[in-house]
Structures are given as C-alpha cells and as structure tokens.
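Model the placement of chain B on the given structure of chain A, informed by the hints.
For the protein sequence lines, the chains are A and B, in the order given. Sequential numbering of the first sequence, starting at 1, is according to the working numbering. Sequential numbering of the second sequence, starting at 1, is according to the working numbering.
Calculated directly from the structure, the hints in this document are not laboratory data.
One copy or any two copies: either way a pair holds, since identical chains are not told apart in the list.
Below, simulated DSS-like cross-link-like pairs (lysine-lysine); rule was C-alpha separation at most 30 Å, straight line: (1) Lys-50 / Lys-156; (2) Lys-50 / Lys-120; (3) Lys-55 / Lys-165; (4) Lys-14 / Lys-80.
2 protein chains.
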Amino acid sequence: MNFCSHCGAGVSRKIPRGDNRERWVCESCDTVHYQNPLLVVGCVAEQDGKILLCKRAIEPRYGYWTVPAGFMELGESLAKGAARETLEEACAEIDIGHMFASVDVIDAGQVHVFFTGKVKGGYGVGEESLETELFAPEDIPWDELAFQSGRFALQKYIDDKGLDKGVHFHELRRAKESNN
Amino acid sequence: MNFCSHCGAGVSRKIPRGDNRERWVCESCDTVHYQNPLLVVGCVAEQDGKILLCKRAIEPRYGYWTVPAGFMELGESLAKGAARETLEEACAEIDIGHMFASVDVIDAGQVHVFFTGKVKGGYGVGEESLETELFAPEDIPWDELAFQSGRFALQKYIDDKGLDKGVHFHELRRAKESNN
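Only chain A is shown next, with the shape it has when bound in the complex (with noise of 0.2 Å):
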C-alpha cells in the first residue's frame, strides 16, 4: 500500500490513537486502512456418494485438483458463498448442507470454511477450472490436490461419511505446510 484510498496522500505506517498495533495510515486525512483475515467458502459437494473435484484452470496451483472454494463477497451468508462457488468453478447447482471445517491459513491472512452439499442435477467446467470430475472417495487424486486446506476438508468428510458431527478446526502456516 502506497497512497490512500480516500485522498490519494501517501500513507505510512504508525499505531492509531487507541490501537495497540501498526496500521497504513494517511498522511494527510488520516484514514486508517485497516487490513483484516479475508473468508474463503468451499464446498464437498456430493452425488451418489462421490465428490466433485474441479482442476484448477488459474493459478495458484494450476492443473491441480480442488473443492469448489473461493472468497466470499459482499451481500451473502456462508453457506449461499460456498453454493455460488459450486456453481461458478463445477456449474452445480447445490443444497446446502451443514459447516464441518475451519481452517485458519494464518500466514495468508485468510479463514477456509467448508460445507457439505448434495449435487441436484448436472454438473459442467466453469471458466476457472479445466476439467470437472466426481470421485469415489477412493479414488481422490491426493497427491494432486492443490490447497493443504481442502485436504483437510476432504479428509474429515470422508471419516465423517458425510454426516453431521461438528466442525474440525485446523490451523495451518507456511512454515508447518509447504502449501496451503
């Protein structure tokens, strides 16, 4: 961050009065340009008991496999973001089902929450993935999965068979995982 957002002064690093840490703050109007975790919904979406993976068509981790997963926006819940995201990256359309995993990606500054999902029709290749598959359990790619967060995802799903039994919580870092 070089300028502020708001009046285009340059801006620098200081404790705002009353903050306890250093924030990028505007050297003529003082803004505070806070900078916070960001959310990534995904979604183990099933269909006759197996998995719908997408390989991924952009970096990071092009041509690996992933569950349908991304940032969540503006203007929808959780769970709406992990069923968007199952239509955008694998064109299926989802019921929704419950939350089973919470990752924290410490050093990427991000949160990785995932549902289950039962896939109510058809499925297709999104414009960010290159191909879209349905995979027996047994059959996931394990060494070409692209996230360590939706390994963990899959993992718990599969010892869960699916059903509801709380939320796993795993914490990740760089210097734990070569990938997250």
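Just chain B, lined up with the frame of chain A:
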C-alpha cells in the same frame, strides 16, 4: 474509494476480465481493489456460572453491553482472536472453548463468530469499555445489549448451558433487524 492505493491514480467501477461483478479498478495500473466480508470474533466467557459482559466506551452503541468481540487481526486464528478481544476489552485471560455460533451480518459485510471461554483469573475494564461485569444468566441486561449477533450468541449459549451442541447459524439483514 477514490484512488488506487498502489499507484495513486483514480479508480472506477467495472467488471474485470474473467470476473462477473463490478469492482473498484485502477484506471492507470489496472489493479483490482476487492472488497470482501470481514470477520468479527467474540467470546462468551464464563466464571462460576456467570457471563462476562462489557459496557461499550466507543461507538457504535456507546453505553450498551456486549460480549467481548472485535475484528479478527492478521496473524491469528479465529480462536486466538476471540481470546485476544476478551483480554483487550475485559482484561480477562481465558481458556478458549469451542465455536458455537456464526452470524452472517449481510448488510454490514461481516461474519460474527463466537466461542465459549472460561475466565481463568480476574477481569478488568479495557480501553474500549466503561465497565465490565459478570452476569448470572437471569440478570443479563437484554434490553441494553449492543448488537443482535451478541444477543443471538448469548441466547444460544444459555440454551446449550455452555455445552458443545454444535455451531448455531443465523442471518441478519438491516431490513429485518434495527441493529446488528
């Protein structure tokens, strides 16, 4: 948003290539400035069957009671954020428990996530609080609570008797609720 925080040029609303909704985009360097929902983390912290509330010393809702809660910061997990807010607002060290409520505050562009906690020792009055007090469930000042999301969390906590009965979800919109 008026200016690009990267190069200082003007920004305008447009749909970036490959996207499907309007964003703030720089007219000079093409940087896309995404705006996404923020996470608020809070804690219903208990000691001897009583619940810790803070009377707010800041707007919004100055003078109203709230469970300790605030924006999640970069570098922390959801649970650590909830514990940090309890320390900052109520000067209380806690053992964090389980996540039990998640509220989509749609029109504010926020998701409020609540954990249980046990107060380990004493408590006090943080900089953003006027008072801090332990309330028996029957003494909670329901008519003087600051936020609907905190009200929902307190109700569910009391219904559950603090036990882990999964995560309760709720959706708030300004059209339905006068404050959130």
